[in-house]
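Visitor: So the sequence lines, in the order shown, correspond to chains A and B.
So for the first sequence, this note's numbering puts the first residue at 1; every next one is plus one.
So for the second sequence, this note's numbering puts the first residue at 1; every next one is plus one.
Calculated directly from the structure, the hints in this document are not laboratory data.
Just so you know, not all the hints are guaranteed correct.
Sample of chain A residues facing chain B (criterion: CB under 7 Å; computed from the structure) [stated by the list, open to error]: (1) L16; (2) R95; (3) E97; (4) P101; (5) F112; (6) T116; (7) V120; (8) S268; (9) L283.
Okay, the calculated beta carbon distance ranges per label pair [stated by the list, open to error]: (10) B/I242 <-> A/L119: 30 to 40 Å; (11) A/P67 <-> B/L8: 29 to 39 Å; (12) B/L279 <-> A/Y168: 51 to 61 Å; (13) B/I163 <-> A/Y137: 53 to 63 Å; (14) B/L8 <-> A/E186: 31 to 41 Å; (15) A/R92 <-> B/L239: 25 to 35 Å; (16) A/N96 <-> B/L239: 26 to 36 Å; (17) B/I242 <-> A/Y265: 30 to 40 Å; (18) B/L239 <-> A/V120: 33 to 43 Å; (19) A/L66 <-> B/L5: 31 to 41 Å; (20) B/F173 <-> A/N96: 28 to 38 Å.
Glycine included, C-beta positions come from ideal geometry on N, C-alpha and C.
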Amino acid sequence: MTQNTIYFFWDCLQYLINGIAQGSLYAIVALGYTMVYGIIRLVNFAHGEFLMLGAFCGYFALKFHLPMPVAIIASMLGAGIVALIVERMIYRPIRNEGRIPALITAIGASLFFQYTGQLVFGADPKTVPPVFKEVLYTFGEVNVSNIQVFIFGLTLLILLFLWWLTHYTKIGVAMRATSFNLKAAELMGINTNKIIAFTFFLGASLAGLAGILMGYTMSVEPMMGMSLGLKAFVAAVVGGIGVIPGAALGGFILGIAENMVAGLYKSSFRDGVSFFILIIILLIKPSGILGKNVKEKV
Amino acid sequence: MDYYLQILTNVGIFITLTLSLNLINGYCGQFSLGHAGFWGVGAYASAVYGVYFALPIDPALNMAIALSIGFVAAALCGLLIGIPCLRLKGDYLAIATIGFSEILRIIIMNTESIGGPRGFTNIPRWSNSWWVWGIALAVTLFMLNLKRSAHGRAIISIREDEIAAETMGVNLFRYKLFSFIVGAGIAGMAGSLVAHDQQFLHPNNFSFMWSVCILVMVILGGQGSVSGSIVGAVILTILPEILKLIGSNVSTWRVSIYAALMIILMLTRPQGIFGPHELFEKKRLKGVA
Numbered sequence: 001m002t003q004n005t006i007y008f009f010w011d012c013l014q015y016l017i018n019g020i021a022q023g024s025l026y027a028i029v030a031l032g033y034t035m036v037y038g039i040i041r042l043v044n045f046a047h048g049e050f051l052m053l054g055a056f057c058g059y060f061a062l063k064f065h066l067p068m069p070v071a072i073i074a075s076m077l078g079a080g081i082v083a084l085i086v087e088r089m090i091y092r093p094i095r096n097e098g099r100i101p102a103l104i105t106a107i108g109a110s111l112f113f114q115y116t117g118q119l120v121f122g123a124d125p126k127t128v129p130p131v132f133k134e135v136l137y138t139f140g141e142v143n144v145s146n147i148q149v150f151i152f153g154l155t156l157l158i159l160l161f162l163w164w165l166t167h168y169t170k171i172g173v174a175m176r177a178t179s180f181n182l183k184a185a186e187l188m189g190i191n192t193n194k195i196i197a198f199t200f201f202l203g204a205s206l207a208g209l210a211g212i213l214m215g216y217t218m219s220v221e222p223m224m225g226m227s228l229g230l231k232a233f234v235a236a237v238v239g240g241i242g243v244i245p246g247a248a249l250g251g252f253i254l255g256i257a258e259n260m261v262a263g264l265y266k267s268s269f270r271d272g273v274s275f276f277i278l279i280i281i282l283l284i285k286p287s288g289i290l291g292k293n294v295k296e297k298v
Numbered sequence: 001m002d003y004y005l006q007i008l009t010n011v012g013i014f015i016t017l018t019l020s021l022n023l024i025n026g027y028c029g030q031f032s033l034g035h036a037g038f039w040g041v042g043a044y045a046s047a048v049y050g051v052y053f054a055l056p057i058d059p060a061l062n063m064a065i066a067l068s069i070g071f072v073a074a075a076l077c078g079l080l081i082g083i084p085c086l087r088l089k090g091d092y093l094a095i096a097t098i099g100f101s102e103i104l105r106i107i108i109m110n111t112e113s114i115g116g117p118r119g120f121t122n123i124p125r126w127s128n129s130w131w132v133w134g135i136a137l138a139v140t141l142f143m144l145n146l147k148r149s150a151h152g153r154a155i156i157s158i159r160e161d162e163i164a165a166e167t168m169g170v171n172l173f174r175y176k177l178f179s180f181i182v183g184a185g186i187a188g189m190a191g192s193l194v195a196h197d198q199q200f201l202h203p204n205n206f207s208f209m210w211s212v213c214i215l216v217m218v219i220l221g222g223q224g225s226v227s228g229s230i231v232g233a234v235i236l237t238i239l240p241e242i243l244k245l246i247g248s249n250v251s252t253w254r255v256s257i258y259a260a261l262m263i264i265l266m267l268t269r270p271q272g273i274f275g276p277h278e279l280f281e282k283k284r285l286k287g288v289a
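Isolated chain B, as found in the complex (with noise of 0.2 Å):
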């Protein structure tokens, strides 16, 4: 039962982080190759809280400290590398946000103080399902209703066109920067889930792979839209149990079956299973979607 519980955890938390980069890589169209960068720094940051300055409260209360911890130091990380690299388009702000990741990891890494290579122990466990599903359920209310909104209609408006946006009036430097902002912040928080719930955090667990895991995911649903970030990583994180199930040879050729689906799926269906539509939508006039 543990087992299936664990795995339910984890699709919430990659439901979390998938929905977040979906904001910078789907709904702003800005190339973000450093996702989890930022969710390593929320777990850490909030583990040190658990660690080091836990208040005697309730769990709950530490758990909700903990996790706008999470938010706060991923979110000004953003910030820092938000404003230097959001000068840069395409190809070229994947290659900064890659590196500004790596320098992240490799500063963890050389701090004694969080464990540095051997990874950070005794982190209180404050974090269960409940907490999971609920920061993923907000999350996705908060995508869905942002994508409504005037901001969201803006920030979508820079993946379409950004001269265009421009010309429009759209301010692209504080939209992209908002966007990139609060997505990194909110991989805070499911870094922070992370922390408290498996009590272990490894600098190893933030690397590059994760970041393209998670990138996968939202490319496999469709960047842009929220239906297709949940279908993404719900599809992705359970794939690799069932897997498991047909048998350990199967399960040893996971990356490489993901490697290969991510490759079909860019040469048959470039905008991944919903485009940028969503499950329920709407029908609108002709010419206006």
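Bound conformation, chain A alone (with noise of 0.2 Å):
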């Protein structure tokens, strides 16, 4: 092998490492998304936006010298409350609408924190005050920071407990009932309005998780969560919609995919990525890679 062979292996290997770390918070948001659809069948558009105002609620928090636990913990709840409210007000009285006036409402919900969040907090960007000291550790050519792996654990911690939510306790399995058949569930004797708005919260939280540890690494700024919050849709769409180990593998494909074309490619194409990677498994398999197959029923 000559010398370049060998550096495009090690830049692939770079690649590779970001993609992962990116795909870890693509996977984080996707989470919520595939929650939030599985359990009420709403593509929730706003839900980048929650993970925008989590980001903010981080950044305040950072602003007046409260160390980093406290501040994801603020975002995780500023979040969620958010949801709470949205849930409450918006989304519950449209549930029994049908899904398009659903969809559209959503989207207003979305632009509508975009654009008052502008003017609200600014329309610039703002740096987070650097709490961690970014480490690098090398290996050969590639460097790996510790935020990186900071992320990257953080989101398979997330995956074991959400696995652990789902299948060890009530409110999980109640959760799977709501989503499986939530009329059934009902008579069940479960209160789905509590899961629903649980499920929201759960979501959302996660959302301003991945809100903050993304304002950390780049900035934080109103409209963050709209290229994300689509991107992490697709994700979810691509990993399949309703399925929680799903919504990381998509993630996960997702952030290696466009660091790749990124890098070895042409960064400006990086968007186009995903809408790209998602059109091609919605036409071989809609319900996407790790989702059921649903037979239509007269």
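Assembling the complex is the task here: the two chains are given apart, and the hints tell you how they should meet.
Guide: Structural data, given as structure tokens:
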């Protein structure tokens, strides 16, 4: 092998690692999408805005010199509480109107938060004060930062937590029952309104967590939720919407593909890749990689 | 005076766009969220004709050629996108159309010969409000006639119940594709009007945000209603200008107000102002309508 080929492989490895780190963030956001979709079949376009609001909560907490764990909890709680309010005031009244009105309402909520956020917080990107010291570990020609490792570890932990929650707790079983059949779950005495609200809270707090991590590695701005939210949704669809491991898988696939294309070809095609993958998946298997096929009944 | 004329032209363009989306969303019930993509394709295609291939003939003839190029280019895109996407339903279709329109925008962004991220300039000015309003009127008449024709009824039956329509012998795929292509083509014509009116195009003028704006116009008026689409387009194009008159402070809240309007509309009257009905409609027998 020539020197160039070896460097090419080192480069690929570096993009792979960056991709996994970025894919972890997508995965965390996609989990929220997939849980909400799984339970009420609503594409929650405002999910990216929960992320943005969570990021701002964390940003202000760090601005007031609170430690990082407090900031993380603040952003998770902030996003979760906003989600609870939005669910109660907007989504619950419209839940029985059919899917398209709900979708339009979600787009409306998303736009409302984006543009009101621009007016309230200002449209300029804000840098989060650095709390961690970034350490680079070098293996051969590849660099891995401690933040990347932290994000990846956190994603695995969240996945484990969700698996435990949905399989070994009462509320998790109720969530699965509700997503399987809402009416039947109600007949079995499950308070489905409470379960749906809890799902929104859980999904949004994960989004808030991703928001502060995202804001920490880049910057915080009112429009940050838009593209990240769309991509996380794409990740959820690619992995199979409604399936929790699918969301994580989709997130990783998207993150890796984006970084590979941006690194090896052209960075301006970065945003196009995710949609390209989405369309390929929708054509081959519309229910997603890990999704189940549902037959239409008359 | 120019200012008011510009608003009037914009109203005409948005009426055309709203009617074309109404064909896909309102008549056929296919939830497309990528309409700005077709608009952009039409605009760029006819602008390419205007800049690189313009014939030395009368501007009116050139405009007619540009309009047909806009229509054909956008309709071809509609065909390409429609064949795979129309197998999907509801929110999946919405996401796939967003994806396609974003891909189109990114391709335009990365093509240097049509300006790329700097925008496309020096487009000849062939269009004027006569063209805009002529097209708007023609599209209105077409939509009204289509709604009453056998083809239109077949399309509407798909919206009402796909399985029942299929059982009655409606070729689902063909009619979905028809409405998708014609809707896309008309949006392309609107794009060509914009290109030759403003003489400048930028890929961000055709982003997801604008697809949503057109959608809100359709929904505000009432999905499936021609008069509704016109009223929705007029209200939502003039409203920002009125807000500007009230005060610059208010007009910065424009999109927030739109969004709030959208949510309130869905909560109180999800069928829009007119519902599927028209402004002047003959009374039908009970049970037939």
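Visitor: Now look at each hint and say whether the structure bears it out.
Guide: Checked hints:
no. : hint                          : result
1   : L16                           : violated (23 Å)
2   : R95                           : violated (11 Å)
3   : E97                           : holds (5 Å)
4   : P101                          : holds (4 Å)
5   : F112                          : holds (4 Å)
6   : T116                          : holds (5 Å)
7   : V120                          : violated (10 Å)
8   : S268                          : holds (5 Å)
9   : L283                          : holds (5 Å)
10  : B/I242 <-> A/L119: 30 to 40 Å : violated (19 Å)
11  : A/P67 <-> B/L8: 29 to 39 Å    : violated (59 Å)
12  : B/L279 <-> A/Y168: 51 to 61 Å : holds (60 Å)
13  : B/I163 <-> A/Y137: 53 to 63 Å : holds (58 Å)
14  : B/L8 <-> A/E186: 31 to 41 Å   : violated (54 Å)
15  : A/R92 <-> B/L239: 25 to 35 Å  : holds (29 Å)
16  : A/N96 <-> B/L239: 26 to 36 Å  : holds (30 Å)
17  : B/I242 <-> A/Y265: 30 to 40 Å : violated (47 Å)
18  : B/L239 <-> A/V120: 33 to 43 Å : violated (22 Å)
19  : A/L66 <-> B/L5: 31 to 41 Å    : violated (56 Å)
20  : B/F173 <-> A/N96: 28 to 38 Å  : holds (31 Å)
When the structure is compared with the earlier hints, violations turn up for hints 1, 2, 7, 10, 11, 14, 17, 18, 19 and for no others.
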